[in-house]
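There are 2 protein chains.
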Amino acid sequence: MAGGKGERFWPRSRRSLPKQFLRVTSETKTMIGETLERTLLAADPANVFISLREDLLPAARQCLPDFPLDQYIVEPVGRDTAAAMGLASVVVERRRPGTVLAILPSDHLVAPAAVFAEDLKSACRVAQEYDCLVTFGVRPERPETGFGYIELGEVIHTRDRANAYEVRRFTEKPDRATAEKYLKTGNFCWNSGMFVWKPSVFLGELEKFLPDHYHGLREIQEWADDPGFCEKARPVFERLEKISVDFGVMEKARNILCLRANFGWDDVGHWTALERVYPKAADGGTVKGPVVLSDVKNSMVLNFDDASVVAVMGLKDVVVVKTADAVLVCDRRSDEEMKKLLRLISDRDDLKKFL
Amino acid sequence: MAGGKGERFWPRSRRSLPKQFLRVTSETKTMIGETLERTLLAADPANVFISLREDLLPAARQCLPDFPLDQYIVEPVGRDTAAAMGLASVVVERRRPGTVLAILPSDHLVAPAAVFAEDLKSACRVAQEYDCLVTFGVRPERPETGFGYIELGEVIHTRDRANAYEVRRFTEKPDRATAEKYLKTGNFCWNSGMFVWKPSVFLGELEKFLPDHYHGLREIQEWADDPGFCEKARPVFERLEKISVDFGVMEKARNILCLRANFGWDDVGHWTALERVYPKAADGGTVKGPVVLSDVKNSMVLNFDDASVVAVMGLKDVVVVKTADAVLVCDRRSDEEMKKLLRLISDRDDLKKFL
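First to last, the sequence lines map onto chains A and B. So for the first sequence, the working numbering puts the first residue at 77; every next one is plus one. So for the second sequence, the working numbering puts the first residue at 77; every next one is plus one.
Any given hint might turn out to be false.
If chains are identical, the list can't say which one is meant, so a pair holds when it fits in one copy or spans any two.
[Said to hold, decoys possible] Below, in silico cross-link-like pairs of lysine to aspartate or glutamate (EDC-like), each with a Cα-Cα straight-line distance of 20 Å or less:
1) Lys328 - Asp146
2) Lys415 - Asp371
3) Lys416 - Asp359
4) Lys364 - Asp302
5) Lys105 - Asp382
6) Lys416 - Asp146
7) Lys428 - Glu227
8) Lys392 - Glu412
9) Lys416 - Asp371
10) Lys428 - Asp382
11) Lys318 - Asp359
12) Lys364 - Asp401
Since the hints were made in silico from the structure, they are not lab data.
Can you make the complete structure from the sequences, with help from the hints?
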């Protein structure tokens, strides 16, 4: 899944080059490059597909020049994750009949890669055995309020002896007190946003909970191998409601099975999430690139433009990010609230080009 | 006087191009250009000299290509204002015998220019009539803690009927309570840092209060017209103590006379001083250039790089300044404390070039 906007990583992430195509958690590899690399530890290269919006194809092609063009699943327009996962399901059902589909975000931090690959293979066997939506739950390390949670039910003894559980419910991002309660009870996991299923199983759930999606996707399924797919499918796709797979399906479906992940995971969804990735400077701040701090506390100052300097003085709890043509300065508590700022930029004809 | 470092205007002001050579208070004119322009309303072009350190000569020549090279008074090294004004005095005494010397900072905001020119002519007549150090006092508009003050004594009825006063004392930058008291009493003025005197009068005071300065300057006076002046004077100049004219002379001298200025004045000594110059944005912030603010209060965001955008979100009381190759982010209360930051930059071999 490489159709995300990565808006909360502005100004590094841009409309035409969102977070998954950037080097964020590695100095040398893009996030999608890392995702592809660890996926190939478990999957045949011919069976890996990249799903994205049509307008992101140039960025993806530049980022992964060797990836086969016919293994892209291209959405004519973005219609959120329920539609994207539905499209992937109808395409894979048609092009690789009888296989299990694993859906993996391309902009998350997952490590170690080998542990992930084993877990993924396990999950595929479980999805093959059970006609279920299989998901990965990550054991929470802190009372995180930025992730969704999965409440686990009874253990399921699968043939594979995977660490599998029934799912009681998917829950929204909790407040702090709720997150602390979740952490204590021990039967809540972070929702990793990774899913494994037989396409037919997911499409069955879509038929129940999002029938318009289901019928639209069945309508365009027959064009899946057509070079003009995108143009043909556009009118159908444009009619689909924008709704996430969590809201639209996972919170309603009953046949979900959760595997406790053995790998480490972080969605690195906003700037301060990188404090968990980057080394801390001596004074407790997190810095990158040519940066000078004077009397600064609990802040993150990232300068991605080596031809420049960023100097911060007499402040605490701030995030400063500089790229070649843009600077973001915000309170660390506001770094998740980027949408409003980007709308303000989008409203300014002189500044749109910086989106 | 164009030898200032303008450090508190970093990152716009740089070692090789300090504030006086920048367009700060005008979109089209440099501060020294504006200073020269208003001075020429009162003075013959042949009688205007620019005093600066040798290393600033290239910047000045570029900024004022038509200004005659032989009207620069060049200090071999910077030794603060007592030495700079002493050097100007010995040079002018030798090259324009019998004239009065007006010493004018080149990086202050002074307006209207015509009013200034009249005041300056008045001051020159007073300095001609009285063997005094004549200074301009500016009627305070607010309890400013960033300026020095002059306490006025008795009115002096000069032949010129200038608004002249005896000076009780020069005072340091006051704290807030003291500044409020000064404002109430009505007989305190801001010290504008402009002085008018016969060179011989100032040199007489130097002889009393800074005899090493006096003797050193007398020693180099004879080379004033020598093209090799700078090299010859260097060893003498290097031995002079770094001391300001306020500390070294004005706070001790008795024969000072203060004219109340009719012109408006501001030393625009640091970034937030520009809030008094720039128009306020609708939300109460002061912005310049391509800038976006979201939920920002009482802040100043100046982007001097039109090819970029600066976005600030969820903060109050901050100053953000961007140039082509540097960004400053600081608390508005710390924008006067630039020295420590610049020392940190100076200590970093990779960052020195940004000074």
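Here's how the hints hold up against the structure:
1. Lys328 - Asp146: Neither way: Lys328 and Asp146 sit 34 Å apart in one copy and 86 Å across, limit 20 Å.
2. Lys415 - Asp371: So Lys415 and Asp371 pass the 20 Å test across copies only (13 Å; inside, 30 Å).
3. Lys416 - Asp359: Result: close only across copies, 16 Å inter versus 32 Å intra.
4. Lys364 - Asp302: Classified as neither; 46 Å inside a copy, 52 Å across copies.
5. Lys105 - Asp382: within (18 Å within a copy, 32 Å between copies)
6. Lys416 - Asp146: neither (37 Å within a copy, 58 Å between copies)
7. Lys428 - Glu227: Result: close neither inside a copy nor across copies, 42 Å intra and 55 Å inter.
8. Lys392 - Glu412: Both, since 17 Å and 18 Å are each at most 20 Å.
9. Lys416 - Asp371: Classified as between: cross-chain Cα gap 10 Å, same-chain 30 Å, threshold 20 Å.
10. Lys428 - Asp382: between (25 Å within a copy, 14 Å between copies)
11. Lys318 - Asp359: neither (44 Å within a copy, 34 Å between copies)
12. Lys364 - Asp401: Both: 17 Å inside a copy, 16 Å across copies.
Of the numbered hints given earlier, the model fails hints 1, 4, 6, 7, 11; all others are met.
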